[in-house]
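Protein chains in written order, with this note's numbering: chain G, 1136 to 1252; chain X, 145 to 255.
It is worth saying that the hints were derived from the structure and are not from the lab. Check each hint, because a few of them may be wrong.
As the list claims (entries may be wrong) - In silico lysine-lysine, DSBU-like type, Cα no more than 35 angstroms apart, as pairs:
1) G:K1176 / X:K211
2) X:K254 / G:K1190
3) G:K1155 / X:K186
4) G:K1176 / G:K1149
5) G:K1190 / X:K146
6) X:K211 / G:K1149
7) X:K146 / G:K1199
8) G:K1155 / X:K237
9) G:K1190 / G:K1176
10) G:K1155 / X:K242
11) G:K1176 / X:K254
12) G:K1155 / X:K254
13) G:K1199 / X:K254
14) G:K1201 / G:K1155
15) X:K186 / G:K1149
16) X:K186 / X:K146
17) G:K1201 / X:K211
18) X:K186 / X:K211
19) X:K237 / G:K1176
20) G:K1155 / X:K146
21) G:K1199 / X:K186
22) X:K242 / G:K1190
23) G:K1201 / X:K254
24) G:K1176 / X:K186
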Amino acid sequence: GAVVSQHPSWVICKSGTSVKIECRSLDFQATTMFWYRQFPKQSLMLMATSNEGSKATYEQGVEKDKFLINHASLTLSTLTVTSAHPEDSSFYICSARDPARFTDTQYFGPGTRLTVL
Amino acid sequence: QKEVEQNSGPLSVPEGAIASLNCTYSDRGSQSFFWYRQYSGKSPELIMFIYSNGDKEDGRFTAQLNKASQYVSLLIRDSQPSDSATYLCAAPKAAGNKLTFGGGTRVLVKP
């Protein structure tokens, strides 16, 4: 139980293009999902909290116009990296909280590795 | 002071030994704590959580929580080379909210 998927698992794009990453909770409904970014040999950095049916809450320093988050249903949140640049190359990971379980537990998706050329 | 702190390691242990990882936190209001394991190039996976003082065991893993001293630890018994990974300690900023992660402790289990 508590399975989270992400798609795609890796993506390579040209500088200036936009990339959409999907995060799905497969066997539970997630009212809250989280988006993280991780650079090599560094810890997780929370980017934003995504709540179903409302606007995402972004962490300080994260550009909301560059990283568009949409949580349109209880099982799907999307992160769109707009006008991507090489410095956006990173490992993007989503997580979801299952309200039926211990409320603070987050289950992580497998991650999406983004490379911007 | 960071909210959740861990020794970055690497913690090198021989196969079959006990690996002991520590984590300290600054917010006395934190009620629950999580241990995640992250293999290189992969996303974190939940090992266990603990919210009561004392020990909690799950297979070869034991989490220990001491709220008075504000530390939580993870013991890995009979360490295996497959346990070589980075272990992340996390605590929620508030109940039902986002998690604050420590920097992680890298564990190397040598055959």
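Please name the hints from earlier in the document that this structure breaks, with their numbers sorted from lowest to highest. 2, 6, 12, 13, 17 and 23
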